[in-house]
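Fit chains L and S to the supplied structure of chain W, relying on the hints for placement.
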Amino acid sequence: MSLSMRNQMSGTVLAVTTGEVMATVKVRLEGGQEVTAAVTREAVGELGIEQGSAVRALIKSTEVALATGAVAGLSIRNQLPGTVSAVTTGGAMAGVKVAVAGGELTAAITKDAVEDLGLAPGSEVTALIKSTEIALAAG
Amino acid sequence: MSLSMRNQMSGTVLAVTTGEVMATVKVRLEGGQEVTAAVTREAVGELGIEQGSAVRALIKSTEVALATGAVAGLSIRNQLPGTVSAVTTGGAMAGVKVAVAGGELTAAITKDAVEDLGLAPGSEVTALIKSTEIALAAG
Amino acid sequence: MSLSMRNQMSGTVLAVTTGEVMATVKVRLEGGQEVTAAVTREAVGELGIEQGSAVRALIKSTEVALATGAVAGLSIRNQLPGTVSAVTTGGAMAGVKVAVAGGELTAAITKDAVEDLGLAPGSEVTALIKSTEIALAAG
Numbered sequence: 001m002s003l004s005m006r007n008q009m010s011g012t013v014l015a016v017t018t019g020e021v022m023a024t025v026k027v028r029l030e031g032g033q034e035v036t037a038a039v040t041r042e043a044v045g046e047l048g049i050e051q052g053s054a055v056r057a058l059i060k061s062t063e064v065a066l067a068t069g070a071v072a073g074l075s076i077r078n079q080l081p082g083t084v085s086a087v088t089t090g091g092a093m094a095g096v097k098v099a100v101a102g103g104e105l106t107a108a109i110t111k112d113a114v115e116d117l118g119l120a121p122g123s124e125v126t127a128l129i130k131s132t133e134i135a136l137a138a139g
Numbered sequence: 001m002s003l004s005m006r007n008q009m010s011g012t013v014l015a016v017t018t019g020e021v022m023a024t025v026k027v028r029l030e031g032g033q034e035v036t037a038a039v040t041r042e043a044v045g046e047l048g049i050e051q052g053s054a055v056r057a058l059i060k061s062t063e064v065a066l067a068t069g070a071v072a073g074l075s076i077r078n079q080l081p082g083t084v085s086a087v088t089t090g091g092a093m094a095g096v097k098v099a100v101a102g103g104e105l106t107a108a109i110t111k112d113a114v115e116d117l118g119l120a121p122g123s124e125v126t127a128l129i130k131s132t133e134i135a136l137a138a139g
Numbered sequence: 001m002s003l004s005m006r007n008q009m010s011g012t013v014l015a016v017t018t019g020e021v022m023a024t025v026k027v028r029l030e031g032g033q034e035v036t037a038a039v040t041r042e043a044v045g046e047l048g049i050e051q052g053s054a055v056r057a058l059i060k061s062t063e064v065a066l067a068t069g070a071v072a073g074l075s076i077r078n079q080l081p082g083t084v085s086a087v088t089t090g091g092a093m094a095g096v097k098v099a100v101a102g103g104e105l106t107a108a109i110t111k112d113a114v115e116d117l118g119l120a121p122g123s124e125v126t127a128l129i130k131s132t133e134i135a136l137a138a139g
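Protein chains in written order, with the UniProt record's numbering: chain W, 1 to 139; chain L, 1 to 139; chain S, 1 to 139.
So here's chain W without its partners, still in its complex pose (with noise of 0.2 Å):
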């Protein structure tokens, strides 16, 4: 099976905090950053994800956010720090290619927010994804 998805990175379960309806699953990926995802307590259950499990980020280059400042007292959980290798602009959307530890991201932004931020090869990032927005496959 293959996904659209562009961006999967591979990573172990730290922790999982289930609540009644949602849990809430933290991941260290093989590039050493820490990411949460929020998926739904079913998910966990039929997918058996405890801590030590092997699992895969999956995230759509949608969902993936760019900031070039500092980003203080945020609630987004999830922000990894690197450097932008490429950027595609179409008429509306642009999409950004962002290296890294341990890979690459795709971050399909508006065109706008391109020319805003004055984002090019070398830009340094942070790419902010909310938990909500990152899936998880396992096995």
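No distinction is drawn between identical chains; accordingly, a pair holds when it is met within one copy or between any pair of copies.
Here are the simulated EDC-like pairs of lysine to aspartate or glutamate, each with C-alpha atoms no more than 16 Å apart in a straight line:
| id | residue 1 | residue 2 |
| --- | --- | --- |
| 1 | Lys26 | Glu50 |
| 2 | Lys26 | Asp112 |
| 3 | Lys97 | Glu42 |
Honestly, the hints are just simulated from the structure, not real lab data.
For chains L and S alone, coordinates are given in the frame of chain W:
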């Protein structure tokens, strides 16, 4: 590979429209509904998605909204009518199962929304999914 | 029509930028803020969205992030300042109500984020919403 994404529906690609960065892929699901996924152009190329391709539409529960009553004039491309089969309520969020033609969807919405809409087993609803929230799996 | 989407704000379209597949729509909300929605070009055509159109911006709670500090150089187009009016905490997630000019927003974020940011009624925050997460209703 097992995926945490609760919503996985098989179908056949009807059409692909390609831009510089993004592409929209129209898919006829096995249940007969048509859905549109907005994914990166790169993903379409790498997965070899074209008219006639067998794909699965993948949607995180947190990306599914629900409407009661008719929905007119909405930018959200994907509107799947169904009937609520179960509601699980937590402290902040709720999980709602919706039986649709050809399968079942799970929506993770706020507890407040469940209460305001009076959702319960048997409620007629329309599941709403923005095109940018649908990922595709091929093969 | 009742929608599960907690966040619905009326406004007027200021401009539409159209790509091959996607389009960005700038909207001035009744509260005076400007927001940008990235929707499919097809949706813009079918809904007849153009400069001057009356629309409602629709946003799922799970798509709203919150920041307490200054946010510089961020690709996220939509940043609405407000004040926390209520926090509801579940096992894994939390719902945060934010009073903004012209209305109220609900953000579904992780419980961890609420604790780390020390969010409570009265907290000054900025609601952050990626353009791809805003849907539009016309009429």
